[in-house]
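Whenever a hint applies, use it, and build me the whole structure from the sequences.
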Amino acid sequence: MANISIDAIKKNTYDAIVIGSGISGGWAAKELCENGLKTLVLERGRDVKHIEDYPTANKHPWEFEHRGQVPLAVREAYGSIRSFMREETLHWAIKPDEQPFVQEKPFSWTRGYHVGGKSLLWARQTQRWSDFDFEGPARDGYAVDWPIRYADIAPWYSHVEKFAGISGNKDGLPHLPDGEFLPPIELNCVEQHLQGVLAQNYTDRQLIQGRCAHLTSPQAVHLQQGRGKCQHRNLCNRGCPLGGYFSANASTLPAAAKTGKMTLRPHSVVHSIIFDAKKDKASGVRIVDANTGEMIEYFAKIIFVNAGAVNSNLILLNSISTRYPTGLGNDSGLLGKYFACHNYRGKASAQVEGFQDKTTSGKNPSNGYIPRFRNVQKQEMDFLRGYSIGVGAGRWSGSNREGIGEDLKNQLLHPPLGNWGISAWMQGETVPIESNHLRLHTELKDKYGIPQLITSVAWTENDDKMVKDFQEQVEEMFTKAGFKNINANDSHSNPGSDIHEMGGVRMGKDPKTSLLNEWNQLHSCKNVFVSDGACMTSTGTQNPSLTYMAITARAANYAVSALKKREL
Amino acid sequence: MHRRKSIQNIALLAGGLLALPNWAKAWSLDSLPMVGKPLNPAAENTLAQIIETIIPESDTKGAKSLGVPAFVNTMLADCYERKVVENVEKGLAVVEKLATQRYQQSFANLTTPQKEQLLLSLEKETDSNLKDFYSLIKNLTIQGYTSSEYVQTTFLKYEMAPGHYYGCVSI
Chain A
16 MANISIDAIK KNTYDAIVIG SGISGGWAAK ELCENGLKTL VLERGRDVKH
66 IEDYPTANKH PWEFEHRGQV PLAVREAYGS IRSFMREETL HWAIKPDEQP
116 FVQEKPFSWT RGYHVGGKSL LWARQTQRWS DFDFEGPARD GYAVDWPIRY
166 ADIAPWYSHV EKFAGISGNK DGLPHLPDGE FLPPIELNCV EQHLQGVLAQ
216 NYTDRQLIQG RCAHLTSPQA VHLQQGRGKC QHRNLCNRGC PLGGYFSANA
266 STLPAAAKTG KMTLRPHSVV HSIIFDAKKD KASGVRIVDA NTGEMIEYFA
316 KIIFVNAGAV NSNLILLNSI STRYPTGLGN DSGLLGKYFA CHNYRGKASA
366 QVEGFQDKTT SGKNPSNGYI PRFRNVQKQE MDFLRGYSIG VGAGRWSGSN
416 REGIGEDLKN QLLHPPLGNW GISAWMQGET VPIESNHLRL HTELKDKYGI
466 PQLITSVAWT ENDDKMVKDF QEQVEEMFTK AGFKNINAND SHSNPGSDIH
516 EMGGVRMGKD PKTSLLNEWN QLHSCKNVFV SDGACMTSTG TQNPSLTYMA
566 ITARAANYAV SALKKREL
Chain B
15 MHRRKSIQNI ALLAGGLLAL PNWAKAWSLD SLPMVGKPLN PAAENTLAQI
65 IETIIPESDT KGAKSLGVPA FVNTMLADCY ERKVVENVEK GLAVVEKLAT
115 QRYQQSFANL TTPQKEQLLL SLEKETDSNL KDFYSLIKNL TIQGYTSSEY
165 VQTTFLKYEM APGHYYGCVS I
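Just so you know, the sequences run in chain order A and B. Position 387 (the first sequence) corresponds to 402 in the working numbering; numbering is contiguous. Position 39 (the second sequence) corresponds to 53 in the working numbering; numbering is contiguous.
Hints listed in this document are in silico derivations from the structure and should not be mistaken for laboratory results. Don't take every hint at face value.
What the hints assert, rightly or not - When the alpha-carbon atoms are kept at most 20 Å apart in a straight line, the in silico SDA-like pairs for lysine to any residue are as follows:
1. LYS499/A - GLY433/A
2. LYS378/A - GLU173/B
3. LYS294/A - GLU312/A
4. LYS78/B - ASN123/B
5. LYS75/B - ARG416/A
6. LYS75/B - LEU428/A
7. LYS378/A - PHE169/B
Said to hold, decoys possible - Here are a few chain B residues that sit away from chain A, every Cβ distance over 12 Å (derived from the structure):
8. ALA62
9. GLN118
10. ASN143
From the three backbone atoms N, C-alpha and C, an ideal C-beta is built for every residue, glycine too.
So, in structure tokens, the structure goes:
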């Protein structure tokens with residue numbers, strides 16, 4: 016270990032360190048800084064300043080040389096990396112040598128390695144959990160019981176929703192609690208028709224407007240953030256110059272910065288958390304500077320691990336000490352295990368006849384949503400848990416490409432409206448199993464000297480049965496709605512395609528069967544908090560980001576109070 | 015010209031260095047059979063003629079004045095595999111051959127109806143390579159044309175920021 020002076024240690028000492036600057040890390044930074052803690056936020060990727068660093072945000076289609084298609088030679092340089100392979104978003108893609116990993120079984124891993132992370136790139140759909148979700152493991156006998164319930168998190172959902180700005184309709188559903196909503200975006204004619212069909216034909220399910228993190232009507236708190244009304248550009252994943260949707264870059268990071276207490280350090284690849292055996296707690300974080308390769312240590316009283324579920328696991332697994340030979344906090348031996356994702360395999364589409372005299376105007380950054388209806392009140396199907404369904408209808412252009420010359424040109428310049436179409440996609444809860452896990456390679460390292468990760472995640476029979484049910488149910492619902500040419504199938508997409516990685520550092524009541532307690536503290540190392548997807552004991556059917564934000568805000572405020580009471 | 019640009023792009027990706035990074039040591043641009051190449055000048059000329067025939071100039075702008083031939087050339091050179099571009103070259107040669115066979119002229123010297131007839135006959139071709147060639151050129155022409163600023167803003171009601179979404183509007 017380098018011989019560093021007392022002054023150097025002091026310079027590198029903070030009250031808190033947050034690993035990760037994304038959708039949950041940004042919230043940790045904001046809450047800790049607003050509570051007066053001098054906070055170091057470590058981000059492995061480059062800086063992305065709100066507005067300044069959205070190079071394609073205001074480019075028109077004709078301003079992209081290949082109209083969005085990435086040239087083959089450029090594609091080759093990215094190897095097997097698939098994410099963000101469009102001219103509009105290529106600057107978010109990582110190079111193959113950034114972080115090679117070993118897929119023991121096929122696993123799609125989308126990474127956002129820049130300040131703000133995937134909060135710039137997410138689908139912005141948000142739903143609250145209910146006790147139907149928190150009680151799932153206990154009722155159905157899988158995973159372990161969550162150490163929290165809806166009542167614990169409800170005030171924190173409100174807290175984050177108000178600041179982030181969540182648009183939605185108060186639907187009064189016990190299994191999908193209403194939130195602090197800005198006005199909802201509309202369902203279109205065909206979606207409304209399907210909504211009516213479900214209301215008439217079913218008592219167990221409903222189509223509602225998808226709740227989303229868009230400012231349909233910015234409030235004072237949003238205007239104070241410098242954000243404005245969503246303009247329905249649907250160019251979200253380029254970064255929004257208006258801050259029209261929630262991202263760490265537009266919202267939580269500037270709020271943290273405003274306090275003067277935040278130090279944001281990009282190009283900081285976290286190697287491990289430093290464990291102080293004498294004090295029996297973590298003392299800081301070791302990073303590899305991505306530019307210089309230098310290893311640097313930073314010190315703090317509390318550490319928040321928000322590197323993204325997969326990386327948070329990696330960091331803890333790589334935090335080896337005599338006390339913790341298999342990873343920080345890993346007395347249970349379960350670190351990296353019970354890793355899970357969402358089941359996105361089911362996809363469906365259909366043609367819609369009629370509604371010829373109606374169309375849509377503007378663009379829809381959201382979609383319709385059917386909350387989980389399977390096994391809600393009790394276990395009834397031949398599979399555990401269930402799935403929610405995203406629904407989107409639209410009317411296409413009826414442009415005819417036949418012919419040549421002046422006739423063809425006139426068809427192209429004056430395209431008639433075509434028919435309506437509708438599509439649906441599944442978001443299934445998966446049952447975490449011990450064999451789905453992450454672990455470190457014993458030999459291979461990446462260019463930062465960090466062991467490569469091995470991912471070992473596979474679908475189970477429960478997932479297969481659930482996809483089949485989705486297909487059958489969508490066929491039935493679409494048929495009742497009078498839709499034609501219904502096509503519901505199993506895409507057999509890889510685990511991870513959902514980009515909702517969860518688990519590996521699960522919360523639980525018992526330190527023998529979990530890693531984190533009810534406050535997201537490592538059971539045996541209480542000044543380390545993990546509040547991103549890694550903490551999830553079960554997956555639910557909801558888009559998880561809102562829950563990560565609420566859990567993080569709650570844990571951060573607890574950390575502050577524990578610190579003040581000298582408990583940490 | 016396009017090829018040099020591609021090499022520049024790779025160099026920039028490799029961190030501003032002209033040497034390839036370690037993980038890419040095994041390949042050079044020449045060893046990538048995938049990457050396309052620009053058309054030879056004669057082929058480019060025939061292609062420009064075809065593109066203008068597909069979407070001609072009249073009281074509304076046509077493909078040529080909107081720069082679509084340059085767009086199609088860029089797409090072929092940068093975004094399509096070499097074997098696809100070679101098929102395009104073969105197809106263009108066939109077009110010239112048919113023009114000579116049927117009308118004893120080069121394609122450029124045919125009348126507009128003759129050009130149109132010749133190209134329409136390709137759509138009914140049994141030779142799938144020839145059919146694919148014309149289909150690709152036609153689709154790229156349409157793509158370049160309909161995504162141009164002129165067409166988008168004048169005819170296709172392009173709006174970057176509509177500011178709203180109404181789900182059920184009467185026509």
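* Hint numbers not upheld by this structure, sorted from lowest to highest -> none
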